[in-house]
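So you can see what is in the structure, the chains are spelled out below.
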Amino acid sequence: MDTLLLSRIQFAANISFHILFPTITIALGWLLLWFRLRFNRTGDQAYMDAYFFWVKVFALSFAMGVVSGITMSFQFGTNWPGFMESVGNIAGPLLAYEVLTAFFLEAVFLGIMLFGFRRVSGRVHTLATFLVAFGTTMSAFWILVLNSWMHTPQGYEIRDGVAYATDWLAIVFNPSMPYRLVHVLLASGLTVAFLVAGLSALRWLFGDRGRANMLALRSGLTLGAVLIPLQILAGDLHGLNTLEHQPQKVAAMEANWETGPRVPLVLFAIPDEAARENRFEIGIPGGASLILKHDLDGVVPGLNDFVAEDGTVLHPPVTPLFFAFRIMVGVGFAMLFVAWIGSFVIWRRGDINRPLAFVLVPMALSGWVATLAGWYTTEIGRQPWLVSGVLKTADAVTTVPATSVGITLAAYLLVYAALIAAYLSVIVALALKAAKVPQRPPSVKDPGIDPDPAMAFGMGR
Amino acid sequence: MAGFDWALALPYIFAALMGVAILVYVILDGFDLGIGILSPLADEAQKDRMVASIGPFWDANETWLVLAVGLLLVAFPIAHGVILTTLYFPVAVLLIGLILRGVAFEFRAKVSLSAKPSWNVMFFAGSLMSALSQGYMLGLYVLGLDTGWAASGFALLVAVCLAAAYAAIGAAWLIHKTEGELQKRAVTWLRASLGFVALGMAAISLATPLASERIWERWLGFPETLYLAPLPVLTLTLFVWLWRLSARMPLEGDRMNLAPFVSLAGIFCLGFAGLAWSFYPYVVPGRITIVEAASATESLAIILVGTLFVLPVITGYSIWAYRIFGGKAVDLRYD
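So the protein sequences, as listed, match chains A and B. When the first sequence is numbered by the working numbering, its final residue is 997 and no position is left out of the sequence of numbers. When the second sequence is numbered by the working numbering, its final residue is 466 and no position is left out of the sequence of numbers.
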């Protein structure tokens, strides 16, 4: 394998590992704020118990996200020097704003959010929780602006092979940004909804019927049931946006080779990229035209339009896109099914039952599967470009020898695999430990209800 | 300010900002890493207290590294590529070290008692790997990113000395944040590592002018040497003062418990000033200057606006967070 492929695998491994944790912390931050605000309003200790349990999962996820994020900022230089050399004038400021407006905010207030409950007033603790949640979301905003710009660049000009910004508003509000941002934020919400429901269901199976656990379970299911239809709608709109700006990506997702009307929706196939056709195809006639053009006779672009005169393939690889997209959509519909049935059950009975719990526990990681599948779809779908129409992936890669990249790749993979195993076993262990002591004695101090004026400015000890 | 050439000034402003970010990182995460390096010397209860003394801060401290490398990335993209590809392996070691150190914090507090020792090892190993790789990179950088055997040997020496410097500032932080037996031990640790700090600074001071004629001129030419003279004099004074003060620590009533930390931070600043003096105007020593490596003016300008607005705010709320968790460290708890 050459440096290019190894570097791509290394970056993919790194970013795949990384995204698992921000996708949890972005939405979990807001859920924790909600628990905190409900406690402030009602004084119900169960909300604070839910907060204290989930803030531990948050802390762990946050640390995993931070350390893997740092790795990426270095890998731009170690493996992809061409990226910053050619589009650094645009990517640079966006990344700088992420560090300045998001990283410091969340990192500083995280300490107060985690360990400051007894040191600051309830108001300041609530504020810290808000600022951490806000920081994670700002971070998502800036990085998605940059990522979207790489898919649908505008507001720049090329001089001597280097991109220069001409219109920052056009860069920030590039065509795919709003769709991608909404899609990713909803994905984060769903990941957390199912993680919370799943881990709470695990505690339920181990006999935890405490109010804090039931409250988290209900929050997770409700959040999932509300967000999933929104996500399906947002995903559809994002797909239409992609069709407009990156038709070759959609053609590969649908494994559609020929442009034309009444294109079938391929449910299953083995795309054969050498023969440029599908094997074992099962499709719904006219389905793709209907979904993509909302019209049976709508003309849908095919992959054969994206082959140069000399036979050079200008579209992304078909097989990974075709399957990654189907996995994402499949998980999405499973989420819809489970969240709605689950919400119905808990609404009717005020409790869940064993079969539902057994479904919810494995669904705890469904958000991760869908998120990764979605990212693979969109990122592999941009190939062979790193920045659409501006910079090819192959032109940005480092000159470091393949052996060196291979060695570091092996080291990263080893560390990441071990850390994922450790992470999962620790959050399960935390849940089981919490299930054994469902009722915590009420706290002596109740800062949310009776703020001490002297502590309102955070100077209290 | 008519006639002020922003296009010319911006690269230098960013070089200065990056320098500040690196310096703040080295001081702040330096004490975090140092405490990790010292952790095997302490018993279990002391380890918990040591971790508690940095628990609320380490994440924000590490963010200064993200800012520093981010500024290198965004303001000097070409230098970022050259430096990081040359330092490919040390960077990988640094990253894996930072990963292990960062997660070990969280894991050791949450796993069962039987699994805790392995995360203690990770905490130590991660901190040591990060410190050594940073020192190794510093050593290579000082020699102009030369990668021969001699350079590697010198870089290894700097690596050990930087790890010792981090241990020293970590011990100084513990003197400030702890009391009783642990504080007494921290004094011993500080004194044991100070010698290595002096050795490292002496080694870099000797090697830097020898490695480059340009730097030789700048250090020993006249009248440049007069401008430079305050740096070694002040550094030596601080060393001697700290050595004599720490011999008597802890003082009655825990007076001056922050003094070792402040004086070590001062020594770090002086050392950094020496490096800056030597390498200016280069960002890759002897190869690429600050101006040559800089991004487009309009891109730098838009970052500068944000930086000048946000940096004071960041500084403000960071100080606030340190005050909230001020005083002697107590056990960390979520509820």
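Each hint should be verified, as a subset may be incorrect.
No more than 35 Å apart at the CA atoms, straight line, and that leaves these computed lysine-lysine pairs for DSBU-like [stated by the list, open to error]:
#1 K829/A with K315/B
#2 K829/A with K241/B
#3 K969/A with K459/B
#4 K241/B with K969/A
#5 K592/A with K459/B
#6 K459/B with K928/A
#7 K315/B with K972/A
#8 K247/B with K592/A
#9 K247/B with K315/B
#10 K459/B with K972/A
Here are some chain B residues the structure puts well away from chain A; computed CB gaps all over 12 Å [what the hints assert, rightly or not]:
#11 Q177
#12 P187
#13 G257
#14 G279
#15 W280
#16 A282
#17 L351
#18 V364
#19 A404
#20 A427
#21 L463
Worth flagging that the hints you see were computed from the coordinates, not collected in a lab. All residues carry an ideal CB built from backbone N, CA and C; glycine is no exception.
Results of checking the hints against the structure:
1. K829/A with K315/B: violated (75 Å)
2. K829/A with K241/B: Between K829/A and K241/B the Cα gap is close to 52 Å, so the pair fails against 35 Å, i.e. violated.
3. K969/A with K459/B: holds (31 Å)
4. K241/B with K969/A: holds (11 Å)
5. K592/A with K459/B: Between K592/A and K459/B the Cα gap is close to 24 Å, so the pair holds against 35 Å.
6. K459/B with K928/A: Judged against 35 Å, a Cα distance of about 55 Å means the pair is violated.
7. K315/B with K972/A: violated (41 Å)
8. K247/B with K592/A: holds (17 Å)
9. K247/B with K315/B: holds (25 Å)
10. K459/B with K972/A: Status holds; Cα separation ~34 Å.
11. Q177: The claim stands: Q177/B keeps its Cβ more than 12 Å from every Cβ of chain A (closest is about 19 Å).
12. P187: Violated, because the least Cβ-Cβ distance between P187/B and chain A comes to about 3 Å, which does not exceed 12 Å.
13. G257: The assertion about G257/B is violated, with a minimum of 9 Å to chain A.
14. G279: holds (18 Å)
15. W280: Nearest chain A Cβ is 18 Å from W280/B, so the label holds.
16. A282: Label holds. Min Cβ-Cβ 18 Å, cutoff 12 Å.
17. L351: holds (34 Å)
18. V364: Holds: least Cβ distance 36 Å, greater than 12 Å.
19. A404: holds (25 Å)
20. A427: violated (4 Å)
21. L463: L463/B not clear of chain A: closest Cβ-Cβ about 5 Å, inside 12 Å.
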